[in-house]
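S.K.: In order, the protein sequence lines correspond to chains A and B.
The first sequence finishes on residue 250 if you use the numbering used here, and the numbering steps up by one all the way, no holes.
The second sequence finishes on residue 1340 if you use the numbering used here, and the numbering steps up by one all the way, no holes.
By construction, these hints were calculated from the structure, which means they are not laboratory data.
A hint or two may mislead.
[As the list claims (entries may be wrong)] These stretches of chain A come out as covered by chain B in the derived footprint (C-beta under 8 Å, 3 or more residues): (1) 12-18; (2) 93-99.
[Claimed, not checked] Far from chain B by the CB rule (all over 12 Å, computed), these chain A residues: (3) 43; (4) 113; (5) 153; (6) 154; (7) 155; (8) 191; (9) 203; (10) 223; (11) 229.
[To be verified] Derived, one-sided and incomplete: chain A residues facing chain B with beta-carbon distance under 8 Å: (12) 23; (13) 27; (14) 51; (15) 103; (16) 104; (17) 106.
Backbone N, C-alpha and C fix where the C-beta goes; we use that ideal spot for every residue, glycine too.
So the chains spell out like this:
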Amino acid sequence: MNALQSPLSWTRIRALIRKEVNDYRRNRFIAVTMAVLPVVFMISPVITIFKLPADAPASRIDTVVGLSLLYLMLIPALVPAVVASYAVVGEREQGTLEPVLTTPVRPTEFLLGKALAALLPTLLISYLMYGVFLAAVGAFAHENVVHDIFQAPRILAQLLFTPLLAGWSIWVGIAISTRSSDVRVAQQLSSFASLPPLAVAALVGFDVIKPTLTVALGLGLALLVIDVLAWRVVSTLFHRERLLTGGVKA
Amino acid sequence: MKRDGATTRTAAAPTGPAIVVDGLTKRFGERTAFADVSFDVAYGEVFGFLGPNGAGKTTTVRTLGTLLAPTSGNATVAGLPLTEANGVEIRRRIAVMPESPGLYLRLSVAENLEFFAGLYELDDRRGRIERALRAVNLLDRAGDPCRALSKGLRQRVGLARALLSDPQILFLDEPTSGLDPLAARDVHGLIDGLRRQGVTIFLTTHRLAEAEALCDRVGIMNTTLRTIGRPDELREQLFAKTLQITTRTPLDDPDAVFAGLPGVEGWHARTADPGGPGGAGGAGGAGYVLTLSDAELAAPAAARAVVGAGADLLALSPSHHSLEDVYLQLIDEDVEARTR
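One chain only, chain A, in its complex shape (with noise of 0.2 Å):
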């Protein structure tokens, strides 16, 4: 049977699961990086709304608003690829790699388990900190911003964006730390690999591609279908043989 065809044991992708999240809280620089990175880029757009003058003209409330919005799209973009990179060359570079892949464990499981824990954690912030960002502008941003901010399209863009926009950086982040030697190398590019996709969201953002539902579900549904292909397709790029020898000819 095809390894992609073999069905999914959710026991392993579980342990997988709880492993990473354990170690997540007990490693400094990811720890740091998921509570620091967020609340900079929830309140950097906080401040910018609130110096936004009552009468101020609904064009530049619609450009701010925009590029707030954009900014919070950073946090799903940029949190889970830092940790998403450590995946595969994090593990091999500690040399845990090797006793895990001599488990029954499939690359699939294995690729699933490490994605769904830098999914969730990312998920929960980035909920938590639009929904501070949200609390704070309802509570004391002028009337006419609140009224632009809290629009459904915005809000179902957002928060339909948020988990699929963390889908693409966690499947490059994983994809580049199957081919990476160097934690630091597989960071760095990551990162820069998240941020295509915010350029849609920047686009929707800035009204360029109207907000309607059907091109929130469209646009949604494409980032979908690419999460998944990106899945099957990080899966069969792990190969046991090139990750244990590093692709040298040892």
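With the hints as your guide, set chain B onto chain A.
M.R.: Positioned in the frame of chain A, the structure of chain B alone reads:
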């Protein structure tokens, strides 16, 4: 070690050989890691795989552990042909402890084992972890982060991890590498305990005393498999049985003394270690080496003959060749063959 939690897999003892390797070869591009290797390992056997650095030992373990695909040849591991399709099932039946235990240092000992128990989809995880830790005498360190453990203790955690799934075959790759003698002795004790319980162990090492003490059979590898057998068999194959005799003064006519003795095929004067006690040519005596066909007949006859010739017999001892002698002999032959 108690393994009362052993699964039905262990209870229903598997039949046939644990490992069968037939003409297995692994190449990385132009470079040959090992070539045309054939051997088998029985269930319950401790098989030592010896060889110098770069001999292909670890690559063999990785290949049999389904981590690397062989370039050619066949093998059966734990009753299953070594194919990509059987990879998951083979890995379910075996456990591999790499040279470096590869622990998650930020996690506790128990968390490390819990993770691997999950990857093996084991039931009664808590019980299994407890038994595995008790087996390696680490139950009281279960909550400690692995980074707080010494290298020897980390090696023990690695061993506990390998025992979690009650594997049919346990591959141990250089388990005492880098350990101090005390920690190495601990690991030897654990392996010996497993051997007494009938666990099949495939042990790669270049510590020859370790192999001699622990292994039922050994294979000596240097890209190709140079020899295989029980340590005593290998000694006999490579070295003739000899008897070393030391007298206070040289014999007047040694040929007359030793020729025709029962069980003795020939003799020569010992020249090595002239300054040593009883060394030939030294101030304190003369040495002779008798080549034997039957040690039990030869030793008393030689003693009587030397005394009968009027010499003072200082020492009479059968020669002892260690596994190290066998190993060095074979590897030296390889080096000579390559430089020729």
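S.K.: Check the structure against each numbered hint from earlier and tell me which ones fail, lowest number first.
M.R.: 4 and 14
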